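Mind docking chain B on chain A? Use the hints.
From first to last, the protein sequence lines stand for chains A and B. Under the numbering used here, residues 1 to 337 are what the first sequence spells out, in order. Under the numbering used here, residues 1 to 337 are what the second sequence spells out, in order.
In short, the hints are calculated from the structure, not lab data. For clarity, every value in this text was computed on a predicted model and none was experimentally measured. Positions of the beta carbon are idealized from the N, C-alpha and C atoms, including for glycine. Take the hints with a grain of salt, since some may be wrong.
As the list claims (entries may be wrong) - Ranges of calculated distance between the beta carbons of each label pair, as one might list FRET restraints:
| no. | chain 1 | residue 1 | chain 2 | residue 2 | range |
| --- | --- | --- | --- | --- | --- |
| 1 | B | G308 | A | R16 | 18 to 24 Å |
| 2 | A | S61 | B | R156 | 50 to 56 Å |
| 3 | A | A110 | B | A4 | 35 to 41 Å |
| 4 | B | H310 | A | F9 | 17 to 23 Å |
| 5 | B | A4 | A | A287 | 44 to 50 Å |
| 6 | A | T62 | B | R156 | 51 to 57 Å |
Said to hold, decoys possible - Residues from chain B that face chain A, not an exhaustive set, calculated with beta carbons under 10 Å:
| no. | residue |
| --- | --- |
| 7 | R27 |
| 8 | A34 |
| 9 | L45 |
| 10 | T48 |
| 11 | D50 |
| 12 | A85 |
| 13 | L94 |
| 14 | I124 |
| 15 | S130 |
| 16 | G142 |
| 17 | R146 |
| 18 | A149 |
| 19 | S220 |
Claimed, not checked - Residues from chain A shown here face chain B by an in silico Cβ test under 8 Å; the list is partial:
| no. | residue |
| --- | --- |
| 20 | D33 |
| 21 | L37 |
| 22 | E43 |
| 23 | V53 |
| 24 | T93 |
| 25 | L135 |
| 26 | L151 |
Here are the chains, one letter per residue:
Number of protein chains: 2
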Amino acid sequence: MDLATLGEFGLIEAIRRRARVDRRVWRLGIGDDAAILRARPREDLVLTTDALVEGVHFRWSTTDAVSLGAKSLAVNLSDVGAMGANALGCLLTLGVPPGVDPAHLDGFLAGLLRLAHASHCPLIGGDTVSSPLWLISVTVVGSVARGRALLRSGARPGDRIFVTGELGGASAGLALLSRGGPSSASERRLVARQIRPRPPFRAGAALVRARLSRAGIDVSDGLAQDLGHVANESGVAAHVDVARVPLARGLTAAASRLGLDPLALALAGGEDYELLFFAPPRAGTAAALSRKLGCRVTEIGVIARGSGVHFARDGSDYRLESAGFQHFKPARANSEK
Amino acid sequence: MDLATLGEFGLIEAIRRRARVDRRVWRLGIGDDAAILRARPREDLVLTTDALVEGVHFRWSTTDAVSLGAKSLAVNLSDVGAMGANALGCLLTLGVPPGVDPAHLDGFLAGLLRLAHASHCPLIGGDTVSSPLWLISVTVVGSVARGRALLRSGARPGDRIFVTGELGGASAGLALLSRGGPSSASERRLVARQIRPRPPFRAGAALVRARLSRAGIDVSDGLAQDLGHVANESGVAAHVDVARVPLARGLTAAASRLGLDPLALALAGGEDYELLFFAPPRAGTAAALSRKLGCRVTEIGVIARGSGVHFARDGSDYRLESAGFQHFKPARANSEK
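Pulled out of the complex, with its shape left as it was, chain A reads as follows:
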């Protein structure tokens, strides 16, 4: 797509043609002052937004346009899923330079729209602006049965702590990219976790449907930090056995080559976009939950009265140095150790 030829309205029309919108849910998609959603009775709507900025969240030297398009939606699907909601649609604010590479623009939209289709989350609106650098802000609206959302404040003493998939891969991938790139198929898989996360975005809604959980959060800032949010908001203590935390495949070898601690990456590294959820014993074992959710599930600890996040290894306290990613903090606080 050549922007100089298309202009803003041409670009919007090209996107509109490629967005496939379910008219039972959306009375109106792209093409008016706003999109119109037909709200259904007995549902709550969830709304979330997440942004990616060129040079801050991604670099063209280490990502491809299709992955970037998919990631910009995926990180929001992760948030909506962590509320136990099904995505209904998304809005895209896209800022690109006037002389943008048409292949970048095409690839970006292809990646975003393909995931939008696969996740039944059509692009229903947005804003395209000129900008000296790429900036992407996606808002997703989703639906959850009234009063049944998974909340950070929903964890209760006695709940078991579960996490989907595996951890540490995305931050190992980032470390590999910043140190010369991956050197094996196994390391390339870790890099792929960083540039193209695949959150289990249907798992949260499955938990709500089966009434198995009231609390969840996605692992975006790092397990320690995200667990801290839940402990704080729920007024409870979270106890984690670090030996049970599922390490990403290939993480140990890659961390060893890089001189990093794989466990620190798994506990404090961000951007894994797995689902961390909390469920009472009656919800069943991790194996049973895994079958119900259609993805790997691991039990890593328990919620108790008290406060804070407590890691233990072999029965002793395990002290974690880093506390995950924060924007605006001095660079050293966010760098890998």
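Positioned in the frame of chain A, the structure of chain B alone reads:
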């Protein structure tokens, strides 16, 4: 607010404390993976997003932080209002440099949150990111009685064309800023229309409540262009008597000083954020509508069978050269004449 001290979570917490959320509408605001909206039966929800980028949409040399905060929400309230909807809440993506001026950040949030409060559109979520330049993307969700939204496709032959307020002020203000700034109180008012638009964001909902209109659009790209959207989507022709178009106060004098055509600014200049709406004769006169909507209303033309936008002056065709603002087009096409 000093970002280096606060960090990302400190900033979010500071914003959260200042956002005043109505718990009857929002089950949850800032503080989880997503906000939760309690959808009501018999309503449609509208969603829109609009972005401002430093150096493209604003410059710190010509705006102040409070105005910028208000404008970033106002342009979205304008879209929601033009759907005939009442705003329910907003999400803010805010990208600022790590060393951002605390006064800029404070002022921006004060301006946005003050208008959020005045318009009953609380800040219920968002994303704060580090960025080399300021970037602001606001998403607003609103509510309108089911099936009653004002659409671009809703104009019918015989409808009268009405516009609120006055036109051309914002683009005259922009021209003044680019040519040394305003030189009188009257010119300062035009500049204020550019840096701090005040859309009549309740007028659209009032039209829907009184069942007076089915079609509307906000004047953001310029009257000619926005009217063209309605003519296209409704499959009708729009006939405007340019002598009736309400020129902004002080526009003629300022345009004369700048060597510009005031009528061209009023017809093709963008960013006035007035409401353009369409109503059958039974809706009453402009004076009656003005009383009902609580703002100035002018009848400027009529919808007929056919296509396109047709301007006339003294009974003859009036030809307009420019066609309003488009991003990504060569600069000359967007510059004032």
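Here's how the hints hold up against the structure:
For the pair G308/B and R16/A, the beta carbons lie near 21 Å from each other, so the given range of 18 to 24 Å is met. A beta carbon spacing of about 54 Å between S61/A and R156/B agrees with the range 50 to 56 Å that was offered as a hint. At roughly 39 Å, the beta-carbon separation of A110/A and A4/B lies within the given 35 to 41 Å, and the hint holds. As the Cβ distance of H310/B to F9/A is approximately 20 Å, the hint placing it in 17 to 23 Å holds.
Roughly 47 Å separates the CB atoms of A4/B and A287/A, a value that falls within the hinted 44 to 50 Å. Under the hint 51 to 57 Å, the C-beta atoms of T62/A and R156/B, about 54 Å apart, fit the expected range. Residue-level restraint check for R27/B holds (minimum Cβ-Cβ distance to chain A is 6 Å; threshold 10 Å). Nearest Cβ of chain A to the Cβ of A34/B: about 4 Å, under the 10 Å cut. The hint holds.
The criterion of a C-beta within 10 Å of any C-beta in chain A is met by L45/B, whose closest approach is roughly 4 Å, and the hint holds. Taken as an interface hint, T48/B checks out: its beta carbon lies about 4 Å from the nearest beta carbon of chain A, inside 10 Å. Taking 10 Å as the C-beta contact cut-off toward chain A, the hint placing D50/B at the interface holds, the least distance being around 5 Å. The criterion of a C-beta within 10 Å of any C-beta in chain A is met by A85/B, whose closest approach is roughly 7 Å, and the hint holds.
Proximity of L94/B to chain A holds as hinted, the smallest CB-CB distance being about 9 Å (cut-off 10 Å). With 10 Å as the threshold, the beta carbon of I124/B comes within range of chain A, its nearest partner Cβ sitting at about 7 Å, so the hint holds. Among the interface hints, the one on S130/B holds; its C-beta lies about 5 Å from the nearest C-beta in chain A, closer than the 10 Å criterion. A least Cβ separation of about 7 Å between G142/B and chain A falls short of the 10 Å threshold, and the interface hint therefore holds.
For R146/B, the shortest C-beta to C-beta distance to chain A is roughly 8 Å, which falls under 10 Å, so the interface hint holds. At about 6 Å, the closest approach between the beta carbon of A149/B and any beta carbon in chain A falls short of 10 Å, and the interface hint on this residue holds. Because the smallest distance between the Cβ of S220/B and any Cβ of chain A comes to about 9 Å, under 10 Å, the interface hint for this residue holds. Below 8 Å, beta-carbon pairs count as interface contacts, and D33/A has one with chain B at about 4 Å; its hint therefore holds.
At its closest, the beta carbon of L37/A sits 4 Å from a beta carbon of chain B; the interface hint therefore holds under the 8 Å criterion. With its C-beta approaching chain B no nearer than about 6 Å, E43/A sits inside the 8 Å limit, and its interface hint holds. Below 8 Å, beta-carbon pairs count as interface contacts, and V53/A has one with chain B at about 5 Å; its hint therefore holds. Of the supplied interface hints, the one on T93/A holds, with its beta-carbon coming within about 4 Å of a beta-carbon of chain B, less than 8 Å.
Look at L135/A: its Cβ gets to within about 5 Å of chain B, closer than 8 Å, so that hint holds up. Below 8 Å, beta-carbon pairs count as interface contacts, and L151/A has one with chain B at about 6 Å; its hint therefore holds.
Violation of the numbered hints given earlier is absent; every hint is satisfied by the structure.
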